[in-house]
Amino acid sequence: MIDLTPFWDWFRELYATTGIKLTIFYDAFDRARFANGFLTSIQLMGLCIVASIVIGVLGAWAQGSRLRLVRAVTAAYIQFFRNTPPLVQLYFFYFALGSYLHVTNNLGLAVPIVSNFTWAAICLSLYAGAFNVEIFRAGIEAVPSETVDAAEALGYGRLAAYMHVILPLAFRISLPALNNNLVNLVKTTTIAYAIAVPEMLYVANQIWSDELNVPEMMNVLLVIYVALVGVVVYVMGRWERAMRVPGYMP
Amino acid sequence: MLRRAFMAGIFAVASALLASVPLSAQTLDKIKQRGVLVVGTKADYKPFGFRDPSGKIVGFEPDLAKDVADRLGVRLELEPVVSANRMQFLQQGKIDLMLATMNVTDERKKSVGIVEPSYYASGVNVFVSRKIALKRWDQLKGQKVCGIQGAFFNKYVPENYGADIVAFRGQNEAETALQQGNCVGWLYDDTAFQERLADPKWAAFEMPLETILTEPWGAAVRLEERDGPWGQFMAKTIADWHRTGKLIETEKKWNISPSAFLRKAREQNP
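If you read the protein sequences in the order shown, they are chains A and C.
Using my numbering, the letters of the first sequence map in sequence onto residues 1 to 250.
Using my numbering, the letters of the second sequence map in sequence onto residues 1 to 270.
A couple of the hints might just be wrong.
What the hints assert, rightly or not - Quick list of in silico lysine to any residue cross-link-like pairs, SDA-like style, CA-CA up to 25 Å: (1) 110/C with 26/A; (2) 155/C with 12/A; (3) 110/C with 220/A; (4) 141/C with 111/A; (5) 201/C with 110/A; (6) 264/C with 106/C; (7) 141/C with 102/A; (8) 109/C with 11/A.
What the hints contain is simulated information worked out from the structure, not anything from laboratory work.
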């Protein structure tokens, strides 16, 4: 284990000489809670990205279903989640819906089944998922009908054609728009602080309330989010290039 | 190209760090000129600052704010604040004076101009269900405890007793989270629980621990004005409140159980 004490002390020195107060480096308590906040944010982002893509793929398939009910349910889901602000959804899930989902623990107290982190993950996945459905639908509609007809002529069923022909092509077309939505999702995870999920914004808020170093923490947040979004954009860009079909895509 | 972008980023960060522009002093003149005094008070802290059924902010602190406005002969405007933004509002000049249940701490003295003497005091306690039968502070170790963002003891209590604080923006959210069992108890000012303890709705709850961290409440002006005319005016006004019994009278008006702090202050300045 490398001894980081001199590194941390440099920040203490920085505060003493310049007044730039980065307690998240030299104060062990703040460092631990900020690190936890960072990890919670990453977890939330990771979970929501994966879940929202899965929702998008399933939703886009359900939209083309032959059953009217399935199409209606999908449309209702998209309208509900796309047309309401994510913060309102979060409050609705946590405070309104959460109040009905209780179990009684051994002390005889009613405790919620779903934690605030889980609610945030569910809510943000569904929110971003609703946009992803529309993004994938746009991609699916851009797949030439001749290609679909050719797949059918070769004996593919609806699901098989979707999985092996339509989706792989649609996915490539959808990637730039998906990229945008995922960047948005990464930034939207900060609203989880409203229901006290200890992610980065929440923790930063706690720290600046205690240490009164608002400008420093704001800047730390800014830098970290720029870096995180940069990572998402980079990974998506690599993926886009790796999936390119030579000659097919413009 | 990349290096230039990097340098631009560094510059943006550095300029943001330096951007705490001092606002011009002489708030007192400005208030008289405008004919309006803007005071930041709580709007979710019954009975110290809350909204009446018509939506107007009333309570112990709004009454004190009204007295300040009357002394200046200007109109009063109340700006609702929460713990996490009250000092920033003052620093940014959004409010002229803060009367928002703020405990005096050494750190806060460096950020805002806390006026002496203090006008009230509160300690820290936990509001919990009787079923938990809480006896000691260290029993909170590893337990989720609701709190309010911006309270100074949100760091002290986890550090010393190992409680896991789940902090919300205002009292309404914390209260709902407590009712729904998202935390075992609610850590906050003992003064905030007084009224709830008398409320039959909260009969299943108690405030069982010994109150800790009793600290005075300070009115605040901008840091650079603490010793200027505006700060001095407020210091004189608050001393006056103690001398004339205005604070004890206002406390009675809002049915707040008599605080030891005010009685002691009265005895010291007969």
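Right, here's what the structure says about each hint:
1. Using a Cα cut-off of 25 Å, the hinted pair residue 110/C and residue 26/A holds, with the two alpha carbons roughly 20 Å apart.
2. Between residue 155/C and residue 12/A the CA atoms are separated by roughly 19 Å; this keeps the pair inside 25 Å, and the hint holds.
3. Restraint check for residue 110/C and residue 220/A: the C-alpha separation of about 22 Å stays at or below 25 Å, so the hint holds.
4. Taken as a hint, the residue 141/C and residue 111/A pair is honoured in the structure, with Cα atoms around 18 Å apart against an allowance of 25 Å.
5. For the suggested pair residue 201/C and residue 110/A, the alpha carbons sit about 16 Å apart, so the restraint of at most 25 Å is met.
6. Note on residue 264/C and residue 106/C: the hinted pairing holds, with a Cα-Cα distance of about 23 Å set against a maximum of 25 Å.
7. With a C-alpha separation of about 23 Å, the suggested pair residue 141/C and residue 102/A falls inside the 25 Å cut-off, and the hint holds.
8. Restraint check: the Cα-Cα separation between residue 109/C and residue 11/A comes to about 23 Å, which is no more than 25 Å; the hinted pair holds.
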